[in-house]
Amino acid sequence: MRGLFAVYKREVALYFQSFIAYAIAFALLGIIGLLFTANIVFLLEQSQIAVQTGRSANIQLTPLITQNMGIITFLMFLVAPLITMRLISEESREGTLEVLMTLPMSDWSFVVGKFLAAWTFFTALLGLTLIHTGMLAAIGSFNVGQVVFIYIGTWLYGGATLAVSIIWSAITEDQLVAAFLGAATVLTLYLADALASVATGQQSQIGDTVGEFIRQLGLNTHYNNLLSGIVRVEDITYFVLLIVVALFMTSLVVSTRRWRAS
Amino acid sequence: MTTPENQNTSQEQELEPFFPPIVLFAVAAIGFFVALAVWLTQAEFGIVGLAGLAVGVIAFVFWMVMNPQAVMDFVRGRGAILGGTAIIVSIIVVIAAVLIYMVVDTQNWTLDYTEGNVLTIADNTRDVLETLASDPTTGNVRFVAFVNQDSISGQERMELLLAQFEEITNGKITYEFIDPDREPFNAQQYGDNVRNGQVAVVAYDAEGNLILDDIELLNSPDQYALTNKTIEVLAGGDFRAIFVNVPEGADPNDNLPQGTGSGAWVASLRDVLKWSVEIISPLELTTQAGLGEMAADGDVLIIAGGIDALPDEAVATIAEYVNNGGNLVLLAGANLAPEPTLAAADNMTAFLQETYGVSVRNDMVVDDETRFNLQGLQLIADNYTSHPVTTQAIANELLTVFSVGQSIEIADTAPDGVTVTTLVSTSENGYAKEGLDINAQLAQESVTFEEFQALFAQAEGDISGALPLAAAVDNTNNGSRLVVFGSDSIIWNAMDGARGEANPFLMQNAIFWTTRFDEFAAGLASVRPVEETPPDEVLLTASDVSYIRFVTVILIPFGSLLLGIAVWWVRRERVTV
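As they're listed, the protein sequences go chains P and D.
If you're matching positions, the first sequence starts at 1262 in the working numbering and goes up one per residue.
If you're matching positions, the second sequence starts at 1490 in the working numbering and goes up one per residue.
These are computed hints drawn from the structure, not numbers from a lab.
Remember, it's a predicted structure, so these values are computed and weren't measured experimentally.
Quick reminder that beta carbons are idealized off the backbone N, C-alpha and C, glycines included.
A couple of the hints might just be wrong.
[What the hints assert, rightly or not] Quick list of simulated restraints, FRET-style, between CB atoms: (1) D:G1660 <-> P:L1452: 31 to 41 Å; (2) P:L1295 <-> D:N1698: 51 to 61 Å; (3) P:Q1307 <-> D:A1518: 22 to 32 Å; (4) P:R1271 <-> D:Q1596: 32 to 42 Å; (5) P:E1473 <-> D:A1543: 23 to 33 Å; (6) P:L1452 <-> D:N1659: 38 to 48 Å; (7) D:R1684 <-> P:E1473: 20 to 30 Å; (8) D:N1698 <-> P:E1473: 24 to 34 Å; (9) D:N1698 <-> P:A1399: 58 to 68 Å.
[Stated by the list, open to error] Here are the computed lysine to any residue pairs in the SDA-like style, where the Cα-Cα straight-line distance is at most 25 Å: (10) P:K1270 <-> P:L1386; (11) D:K1763 <-> D:A1778; (12) P:K1270 <-> D:R2061; (13) P:K1270 <-> D:I2054; (14) D:K1763 <-> D:A1622; (15) P:K1270 <-> D:A1622; (16) P:K1270 <-> D:R2063; (17) D:K1763 <-> D:T1663; (18) P:K1270 <-> D:W2057; (19) D:K1922 <-> D:A1826; (20) P:K1270 <-> D:A2055; (21) P:K1270 <-> D:L2051; (22) P:K1270 <-> D:L2050; (23) D:K1661 <-> D:A1714; (24) P:K1270 <-> D:V2059; (25) P:K1270 <-> P:V1360; (26) P:K1270 <-> P:A1398; (27) D:K1763 <-> D:R2005.
Based on the provided sequences and hints, a complete structural model is requested.
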């Protein structure tokens, strides 16, 4: 645990000392801000129409939060690889990985420490969107229970995409290749629903089975339930297991590097 | 000179394969890839898939034969031992994760934080479903949801709701999913145009077959719509109405929308309420077999009008029918001759008095206070007694039109176990004329209006006062109920100038009350969506929007960027130092 915490502390500090992390925050929050404002302008028009027609502007604001989170999860195919691309590949490229491997620390602790640092950075990004939510709370009302689980779902979604992206950072020393492969993997998981429908479109038993398997692998199959307020334990389990399996594979890759080097 | 080394080299060159083994390995990989692609994307594995698989296997085997050292190195090498272990462990971990997920998936642990809690059965819905589940008289119901492969997520959510219906009703309500794209013939059983997202609500008959000619289709299948449609398909119950098509009575085959007969009632009971409806002749009444088997939930015999008396055998059949729990709605025909009408005939009078303590008098009621027209043949009445039959008439202060109305005689002392309620009566100024021969008067060519009116003038000996025009009787001895009206105009659905009056309500309620359909329907109350608290009013001004725009578009993103630049600058200076 001590090793895990040491890695975690070091990586978190690196994130918050890295300009690229702030650039990612700028891009993500800028896009969210633009779309959020467009929605707010639409709300203003709706409330003005309501006042002019003598109706009350009772508008549910939860969809605005849903939309914000939808943007984040969609952009995770770019954000997650950017956050994780240097985590292990940089260590490999600069030769510090071998040095780190000599420390009294398991591969698992090393990988989990790195992952938790990335997840912490993502949590901070997600936390900034609470400002948007807080402003919505000031002008109207929303379904609090649903919003809580939307945030939890997005947080888990972010964790899962980060964990999947880390695998490529461990496999390749080239950060760009890691980012590209990470983006491709996350995008594939994001579009699994569409891929599943290709398989099920064949109208065969095998196609259905394969399609259902692909659909269950997909991120949105599980995230959309949380987004609409349906909290199923299997959906949360999916994200947790995806994180655990991805981190396990990453630690195996790191172990492989260790015995290859020895 | 040839050295041994040179000999070996030339032998190796002779043994070198025509193409390198790696090519075979690549061919095998391509073959397997083709087979996999066919398996994933095609309905049948087919010749292409088989060929790909065969090429893959053959090429792989040849690669192993031609390059045994590489195979041995791969199997026995250090990389294989460590890498192979890693692969095996990875597979085990993935399988374990899949198993954990599958186990959790079967548990169906769900919390509902959706807008309006659409996946949580509300208390009022649950009450109705539990009532249905505990009622042994209601049948089973099937929900057939139409979902295609593009809406599998929607199916999962719908299943969360439908599974609760099945659980709460202890399996009385079951469900299935049909893909209308893949099973079009199966889907068409439930309607020619069923489409993705719809749910058909279908009841089962006593034999356990789906009643496919009574399907309720829902476009927006929320819990309330599903419950109400379930009530509708079950509310039909097992009810029967038998119309006796008597000569000169209301014609049960008159189905014209503007008709004046009872055809509208036949259509309404049969098509809307899904009752069993039979139309029989008086001759069929002469044998008990003519009435057939009584319906389990409610059975009623309706005789609307008629001049000639029924044969004694027919009246005896009716007596036996009501003694077995059958019910009767009797409407007296127009009494335009001195002879009694069917309803007031001796045999009918004797039967009614004996069984119900009421009968139809052979007279014609006149009420100067409420004459409907100058001729006096029609009168209107609004003097009601509170009763399930008169509910709407009282509540909406409606008038009832009696055409050539006859009064109802109520025995001073009702038979034991019999309760009689006067439903409608004339004003205190009413009186009844006996022995009028209106047909004869109308047949005379030279009768004047005054002479005709004189026929209806009150005379000494006429019974007078608030004369009953309709009565309801409940006989607890045999469970039979009777509603008797002094005129068959009650069944008319197109009273000239009187449309919208109480007549249709009285007729409907007479049928419902005698068969106890009103109690049956009340027991299956509809559910209404739980009213939600509306969201707060959004109060926004232009300055609010400007503020929000500043914070979300400028402050947060550019603040992050500035912070990043500051961090970079500080670190740069430190590095420089």
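Going through the hints against the structure:
Checked against the hint of 31 to 41 Å, the pair G1660 (chain D) and L1452 (chain P) passes, with Cβ atoms roughly 39 Å apart. The supplied range of 51 to 61 Å is met by L1295 (chain P) and N1698 (chain D), whose beta-carbon atoms lie about 60 Å from each other. A hinted range of 22 to 32 Å for the beta carbons of Q1307 (chain P) and A1518 (chain D) is inconsistent with their spacing of about 59 Å. Distance hint for R1271 (chain P) and Q1596 (chain D): a CB-CB separation of about 40 Å, consistent with the stated range 32 to 42 Å.
For the hinted restraint 23 to 33 Å between E1473 (chain P) and A1543 (chain D), the CB-CB distance of approximately 29 Å keeps it satisfied. Range check, L1452 (chain P) to N1659 (chain D): about 42 Å between beta-carbon atoms, so the 38 to 48 Å window is met. Remark: the range hint 20 to 30 Å for R1684 (chain D) to E1473 (chain P) is upheld by a beta-carbon distance near 23 Å. In this structure the supplied range 24 to 34 Å holds for N1698 (chain D) paired with E1473 (chain P), their Cβ-Cβ distance being about 32 Å.
Taking 58 to 68 Å as the suggested C-beta distance range, the pair N1698 (chain D) and A1399 (chain P) conforms, at roughly 60 Å. Proximity of K1270 (chain P) to L1386 (chain P) is assessed by CA-CA distance (about 18 Å); at most 25 Å being required, the pair is judged to hold. With a C-alpha separation of about 23 Å, the suggested pairing of K1763 (chain D) with A1778 (chain D) holds against the 25 Å cut-off. A distance of roughly 21 Å separates the Cα atoms of K1270 (chain P) and R2061 (chain D); the hinted pair therefore holds under the 25 Å criterion.
Taken as a hint, the K1270 (chain P) and I2054 (chain D) pair is honoured in the structure, with Cα atoms around 22 Å apart against an allowance of 25 Å. Between K1763 (chain D) and A1622 (chain D) the alpha-carbon distance is near 22 Å, which keeps this suggested pair within the 25 Å criterion. As the CA atoms of K1270 (chain P) and A1622 (chain D) are separated by approximately 60 Å, the hinted pair breaks the 25 Å bound. The straight-line distance between the Cα atoms of K1270 (chain P) and R2063 (chain D) is roughly 20 Å, inside the 25 Å bound, and the hint therefore holds.
Restraint check: the Cα-Cα separation between K1763 (chain D) and T1663 (chain D) comes to about 22 Å, which is no more than 25 Å; the hinted pair holds. Using a Cα cut-off of 25 Å, the hinted pair K1270 (chain P) and W2057 (chain D) holds, with the two alpha carbons roughly 19 Å apart. Distance restraint check for K1922 (chain D) and A1826 (chain D): the Cα-Cα separation of roughly 12 Å lies within the 25 Å cut-off, and the hinted pair is therefore satisfied. Restraint check for K1270 (chain P) and A2055 (chain D): satisfied, since their Cα atoms lie roughly 21 Å apart, inside the 25 Å limit.
Between K1270 (chain P) and L2051 (chain D) the CA atoms are separated by roughly 24 Å; this keeps the pair inside 25 Å, and the hint holds. With a C-alpha separation of about 23 Å, the suggested pairing of K1270 (chain P) with L2050 (chain D) holds against the 25 Å cut-off. Among the hinted pairs, K1661 (chain D) with A1714 (chain D) is consistent with the structure: their alpha-carbon atoms are about 17 Å apart, no more than 25 Å. For the proposed pair K1270 (chain P) and V2059 (chain D), the alpha carbon gap of about 20 Å is at most 25 Å, so the pair holds.
At most 25 Å may separate the alpha-carbon atoms for a hinted pair to count; K1270 (chain P) and V1360 (chain P) meet this at roughly 18 Å. Of the supplied pair hints, the one linking K1270 (chain P) and A1398 (chain P) is violated, its CA atoms being roughly 34 Å apart against a limit of 25 Å. Restraint check for K1763 (chain D) and R2005 (chain D): the C-alpha separation of about 16 Å stays at or below 25 Å, so the hint holds.
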